[in-house]
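Asker: So you can see what is in the structure, the chains are spelled out below.
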Amino acid sequence: MIIGLDVGGTHADAVLLSDKKVERSIKVPTDTSNLFNTVLTCFNLLLENIKPQLIQRVVISTTLTTNSVVQKNIDPVGIIVSAGPGIDPDNFRRGNHYYPVSGSIDHRGREIKPIIHGEIEAAAEKMKKDGIKYIGVIGKFSPRNPSHEITIHSILKHHFDTIFMGHKVSGKLNFPRRIATVYLNAAVFSMHKNFFNAVTDTLKQKGLTAPIQILKADGGTMNLHTSMEFPGQTILSGPAASVMGAIPHAPDDKDILVLDIGGTTTDLAVMVNKAPLLEPVGIGRGKHKSLIRALHTTSKGIGGDSEVTIKRGAIAIGPDRKGPAMAFGGNTPTPTDAMIYLGIMDAGDKSLAEKGMAQIASKLEISPQQAAEAIFTKTCSKIVELTRKMVERINSKPVYTVHEFLEGYKINPQQILLLGGPAPFMAARIEEISGIKTTVVPMSSVANAIGAALARTTCEISLLADTEQGIESAPEENYTETITRNYRKDDAMKTAQKLLEKKAIQSGAIEENLELELTEFQEFNIVRRFSLQGKIFRVKMQVKPGLIKGFSLAS
Amino acid sequence: MLKSDKKTGLVFFPAFDWAIDPTHPEREERLLYTQDQVMEEGIFDINGITEYKPELINADDIRRTHFCVPDEASVTTESHLISAGGAAAIGRAVMEKEIDNGFALVRPPGHHAMRIVHGGRGFCYINIEAVMVELLRQQYGIKRVVIVDTDCHHGDGTNDIYWHDPDTLFISIHQDGRTLYPGSGFTGELGGPNAKGSNLNIPLPPGTGTEGYLYVIKNSVLPAIEEFKPDIIVNSAGQDNHYTDPLTNMNFSAQGYAELTTLLKPDIAVLEGGYSIEGALPYVNLGIILALAGMDYSNVVEPDYHPERLKQASNVTDHIKRTSDIINNYWKKRHEMREKAGANGTIQERHREIFYDTDNIFERQKERIRICRECAGALEIDSQAMPGSRIMAVHIPLNACHACKETAYDMFEQAKTTKKYSKIFLQDRPKDEYICF
Ligand SMILES: [Zn+2]
Ligand SMILES: [Zn+2]
Chain Y
1 MIIGLDVGGT HADAVLLSDK KVERSIKVPT DTSNLFNTVL TCFNLLLENI KPQLIQRVVI
61 STTLTTNSVV QKNIDPVGII VSAGPGIDPD NFRRGNHYYP VSGSIDHRGR EIKPIIHGEI
121 EAAAEKMKKD GIKYIGVIGK FSPRNPSHEI TIHSILKHHF DTIFMGHKVS GKLNFPRRIA
181 TVYLNAAVFS MHKNFFNAVT DTLKQKGLTA PIQILKADGG TMNLHTSMEF PGQTILSGPA
241 ASVMGAIPHA PDDKDILVLD IGGTTTDLAV MVNKAPLLEP VGIGRGKHKS LIRALHTTSK
301 GIGGDSEVTI KRGAIAIGPD RKGPAMAFGG NTPTPTDAMI YLGIMDAGDK SLAEKGMAQI
361 ASKLEISPQQ AAEAIFTKTC SKIVELTRKM VERINSKPVY TVHEFLEGYK INPQQILLLG
421 GPAPFMAARI EEISGIKTTV VPMSSVANAI GAALARTTCE ISLLADTEQG IESAPEENYT
481 ETITRNYRKD DAMKTAQKLL EKKAIQSGAI EENLELELTE FQEFNIVRRF SLQGKIFRVK
541 MQVKPGLIKG FSLAS
Chain D
1 MLKSDKKTGL VFFPAFDWAI DPTHPEREER LLYTQDQVME EGIFDINGIT EYKPELINAD
61 DIRRTHFCVP DEASVTTESH LISAGGAAAI GRAVMEKEID NGFALVRPPG HHAMRIVHGG
121 RGFCYINIEA VMVELLRQQY GIKRVVIVDT DCHHGDGTND IYWHDPDTLF ISIHQDGRTL
181 YPGSGFTGEL GGPNAKGSNL NIPLPPGTGT EGYLYVIKNS VLPAIEEFKP DIIVNSAGQD
241 NHYTDPLTNM NFSAQGYAEL TTLLKPDIAV LEGGYSIEGA LPYVNLGIIL ALAGMDYSNV
301 VEPDYHPERL KQASNVTDHI KRTSDIINNY WKKRHEMREK AGANGTIQER HREIFYDTDN
361 IFERQKERIR ICRECAGALE IDSQAMPGSR IMAVHIPLNA CHACKETAYD MFEQAKTTKK
421 YSKIFLQDRP KDEYICF
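In order, the protein sequences belong to chains Y and D.
For the first sequence, full-length UniProt numbering gives the first residue as 1, with consecutive numbering after it.
For the second sequence, full-length UniProt numbering gives the first residue as 1, with consecutive numbering after it.
Among these hints, one or two may not hold up.
[Claimed, not checked] Simulated DEER-style distance windows between Cβ atoms:
| # | chain 1 | residue 1 | chain 2 | residue 2 | range |
| --- | --- | --- | --- | --- | --- |
| 1 | D | Asp359 | Y | Glu468 | 30 to 40 Å |
| 2 | D | Ser389 | Y | Pro251 | 53 to 63 Å |
| 3 | Y | Leu516 | D | Glu353 | 52 to 62 Å |
[Said to hold, decoys possible] Chain Y is nowhere near these chain D residues, computed Cβ spacing over 12 Å in every case:
| # | residue |
| --- | --- |
| 4 | Gly177 |
| 5 | Thr179 |
| 6 | Lys218 |
| 7 | Lys229 |
| 8 | Ile277 |
| 9 | Thr317 |
| 10 | Gly342 |
| 11 | Thr346 |
| 12 | Phe355 |
| 13 | Gly388 |
| 14 | Ala403 |
Hint data in this document are derived by calculation from the structure and do not stem from the laboratory.
These figures come from a predicted structure and were not determined experimentally.
Think of the CB as a built atom: it goes at the ideal place given N, C-alpha and C, for glycine as much as any other residue.
Use the sequences and the hints to build the structure in full.
Answerer: Have a look at this one:
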């Protein structure tokens, strides 16, 4: 049996699954001041009268990282960056202990200027004096050549125990995001470690010895060991859990939209043939831009409890939530009140909902019935509008080859899957407005926990091969090997697959769940003075986000 | 988060799957390392910089600028339509005021493509700047346009297309034609009788450095632009004047290019040539982007940048000053020169020979223009390509006066009466029509 647990901002959902069905599901309020207690409560409830030895897998998603970043409850981090020519690295400053140093590597990974040891030693002394324990080391173009980061690391390791390096977090190029990502990993490391060590110890005491997996923002999992190197990847795992929970109900070979309609916000995601789309570079939201692999989700301030107001003579929904619906004792009218008044939803105090509708109606000089109808329609059409915009954004993403420009895949949603509390009451209207078949995910209130439980272990590798320099390398994996001039595409693919399988197994994957996918392949000539000097190969391969095999919960 | 001063749009279309041939300078990975640099710097995450997807232009868009023989599809590939569409996307975003300025980093280039296209010249088939400018003129009603071509090669294609147009000030700054392809662009090439002085060609001697480039920008280009009062400024931003370029002999640098961009303040920059794909393009393109966005570019330098080694010789400096004086003198006398060019209403002839190096075609043209004080003048071109066919192309300019329209239709009808031409084209810009007979 499997346990899936998703600790959200207001409540925690947990499920116990057998290979046929959901055996138990629970929902408890989140104690934000003590997430550990919340996790413990969930396990106690799920494991009541269950032999802990029967549990084969445990997957946990928490808001631990997200919360600590929002509340600025993180450790001070010392950052050393080696940038070389380009934008002044001072623009990417993170924290108060930020040291730009000499040294530069170019886009081909060639050393242009060396690291100066004295500068590193001096920075180390200052950071030690400031009581810094966690260090990040980031070099520009380190995914092309990590030697400078490794040199700096080798100097610092005499002074500090915990050092995170940029080339380990991603093979993608984006220096500012690499800095932000390393910083995040270092800043939440001790908190992450303490929390999960405590969880593991407690579960062991209960006799539960199955390996713990932790959900990441890309909808995949990693084991504890891997999470200690990349704790930042747990940020924003909540929205990913819900998307994963929709997969059992997604049709094959179709593009679908997944909408998680909550009280305050609606989260949107897109799936192609049961596989959710990923952000191209990493988490892209506002201040959190990073190289952390994440599902492509958009969140907008519209939900069942959104505040309904009149703006310039028209009904406006959201983006704020001022409290619960009036039918549940709140002070501002909401879409939930409209649905209760219209009889679409049977909950709360209908007379209070009516009061809310009357408030709006009097301002517009219409009847409460008309007001409720207008609010409900407006809410649903606004949500449909969001989905349309998201699809448009994805389809207008720039591409870099003639082939992709002309033949590139275009998302064409054929079904909408709804999750979240208000979802069942809105499905029919959303279908009517969008003209797209709309269904509600069964057990949608714990779909997030189911999604976490069944998520497979994911990871990605990047391989570079340069026949002019005679090297193939995957800096993230500490891999370098010499190659000959006869090296070809097949060789690159073989190495990439080998490295990816190894990494996945080390992160806790089981062989049968390794669904590999080539995400990028480029092959270029190196030409100088009109003659061919060699070839460059760039390969990115991933274990696709998806569900583990052997569990059929589809309705 | 990093924020730019100006709202800047970028189209990045490296066409990683298109090449003239695998070891040709105009090949797949030309923008690969530029992409790496731009991605690594996090350019697309800067608040104020937006990436646009190229549009796909169509035959109608090409027909406002070119006469393609035998037709558009035969002389272009999709990559040309996307490349021109990249420039168009930036142009449109500027006109819609979504951005303050923008840069189309696209390939293949276009500034050697002339009005009549029998094939490829200097790696170019259609003129991406001209196609964009004519599209903007059609859809946004702009009139006065400045195009400053800073590619190291003479922008002879753009020069040809706007040779007779007094509403387009075309300025090309390039390595002296006696020392580099295409061998044209001397100071005396000033435009046709109706547009004398609206083509300014500024040849620079081999060995010109940043100092020389900035000298002509400050002393000749900017004063002319100021007097011309354009609606938009376009920069054909070729980067083969870089000190590492394998095809040329100049000493320009990323710092110089960024400073030039800051001075010129183009609304739209379009990448042209530039074949030092590892040592120059990543840095020059980054410099141009930051300069357009109004951001600090002081630390954008090539790995082997030593300004003292790139210092311009004093005889080169003197030569450039003299050239700049010559240009300024022509510019001052442009109205006078147009008056002297011929009597209003008469027809002037020009004979030319054009070589298409990329496709090995030789073309002979006889051009006839109506001298007109009111418009750019009715124009016909009798063109024979070898190998290829003989065609007649008649052009009615956008601002054509009544008499020139009449003349152009007469030219078209007259051509139809002979059997000399395999095709006869009429490009009617005021009606936005293109007739192929
Ligand atoms: Zn050139
Ligand atoms: Zn006229």
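Asker: Run every hint past the structure and note whether it holds.
Answerer: Verification of the hints:
1. D:Asp359 / Y:Glu468: 30 to 40 Å: holds, 31 Å
2. D:Ser389 / Y:Pro251: 53 to 63 Å: At roughly 56 Å between Cβ atoms, proline 251 of chain Y and serine 389 of chain D fall inside 53 to 63 Å, so the hint holds.
3. Y:Leu516 / D:Glu353: 52 to 62 Å: For leucine 516 of chain Y and glutamate 353 of chain D the Cβ distance comes to about 59 Å; the hint holds.
4. Gly177: For glycine 177 of chain D, whose nearest Cβ neighbour in chain Y is about 23 Å away, the distance exceeds 12 Å, so it holds.
5. Thr179: Nearest chain Y Cβ is 20 Å from threonine 179 of chain D, so the label holds.
6. Lys218: Answer for lysine 218 of chain D: holds, closest chain Y Cβ roughly 26 Å.
7. Lys229: holds, 35 Å
8. Ile277: violated, 9 Å
9. Thr317: Fine: 28 Å to the nearest Cβ keeps threonine 317 of chain D off the interface.
10. Gly342: About 46 Å separates glycine 342 of chain D from the closest Cβ of chain Y, which puts it past 12 Å; holds.
11. Thr346: holds, 48 Å
12. Phe355: It holds; phenylalanine 355 of chain D is separated from chain Y by about 21 Å at its closest Cβ, greater than 12 Å.
13. Gly388: Non-interface label stands for glycine 388 of chain D: nearest chain Y Cβ at 26 Å, farther than 12 Å.
14. Ala403: About 45 Å separates alanine 403 of chain D from the closest Cβ of chain Y, which puts it past 12 Å; holds.
This entry does not satisfy hint 8, going by the numbered hints stated previously; all others are met.
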